[in-house]
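Residue numbers (the numbering used here), protein chains in the order written: chain A, 324 to 441; chain B, 7 to 118.
Quick caveat, the hints were computed from the structure, so don't treat them as lab data. Be a bit skeptical, because a hint or two may be false.
Claimed, not checked - If you want the footprint, here are the derived chain A segments under chain B, 3+ residues with CB under 8 angstroms:
| hint | region |
| --- | --- |
| 1 | 361-372 |
| 2 | 379-393 |
| 3 | 432-440 |
As the list claims (entries may be wrong) - To spell it out: a stretch of chain B is covered by chain A in this simulated footprint if at least three of its residues, at any positions, have a beta carbon under 8 angstroms from a beta carbon of chain A; those stretches are:
| hint | region |
| --- | --- |
| 4 | 42-48 |
| 5 | 51-59 |
| 6 | 98-111 |
Remember, predicted model here, so these are calculated numbers, not experimental data. Where a beta carbon is used, it is the ideal one built from N, C-alpha and C, also for glycine.
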Amino acid sequence: EVQLVESGGGLVQPGRSLKLSCAASGFTFSDYNMAWVRQAPTKGLEWVASISYGGSNTHYGDSVKGRFTISRDNAKSTLYLQMDSLRSEDTATYYCARQTIAALFDYWGQGVMVTVSS
Amino acid sequence: DVVLTQTPPTLSATIGQSVSISCRSSQSLLHSNGNTYLHWLLQRPGQSPQLLIYLVSRLESGVPNRFSGSGSGTDFTLKISGVEAEDLGVYYCVQGTHAPWTFGGGTKLELK
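Here chain A stands alone, though its shape is the one from the complex (with noise of 0.2 angstroms):
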């Protein structure tokens, strides 16, 4: 059975940095690109970022550019986002999605909630 747990959120300050982490299991993790998708409260739901099965290439969503970093340890079977710089607006559920093709995200983990306020 495919599982994808989240950890890592919480409540933070303006301007500084969290990094989540997404620990994946049930299946070969090296042979799947992952991606963070994230969902504001009561809002819908916005692509944040993707990387490859591999872990060199990465696309990002206009909105987080420079300020996050998606990664990936493959003998962890994790999948990370650190995000730097954070602001009121990037406060979310954010959820791990396993991507089999362009924006097809086959299985999604229960999601963590970030909150960015002083």
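Guided by the hints, dock chain B onto chain A, whose structure is given.
Using the frame of chain A, we list chain B on its own:
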């Protein structure tokens, strides 16, 4: 960026009723490789999104066949033939043809 406009924003239905959700794109979603990267997701209340339909009309494994997708270019439709209680929630279309990938604003399906 590609804008996906979903209509209606809210849909009220009775059990057994057939309903359709529209997703219109600001640009054609036909990729130069011949694929159309338009997919549909359902987010039930309090849950993570789940994949229903991919590449316009392909049913994800385990998804009931009362769900179907159609369309081309800029106009796409998700149809539910006979709504069941478990279908309630918010439906999203998402495109992967043009970077950055974008989601529609969502259509909330509720019971009448």
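Now the hints, each set against the structure:
1. 361-372: That given contact holds, which follows from 4 residues of the region 361-372 of chain A lying within Cβ reach (below 8 angstroms) of chain B.
2. 379-393: Held - the region 379-393 of chain A has 4 residues with a Cβ nearer than 8 angstroms to chain B, which meets the minimum of three.
3. 432-440: It holds: at least three residues are needed, and the region 432-440 of chain A offers 3 whose Cβ sits within less than 8 angstroms of chain B.
4. 42-48: Our answer is that it holds, as 3 residues pass the Cβ test (under 8 angstroms) against chain A, meeting three.
5. 51-59: As far as the region 51-59 of chain B goes, the hint holds, because 4 residues have Cβ atoms under 8 angstroms from chain A.
6. 98-111: Our answer is that it holds, as 12 residues pass the Cβ test (under 8 angstroms) against chain A, meeting three.
Of the hints listed earlier, there is not a single one the structure fails to meet.
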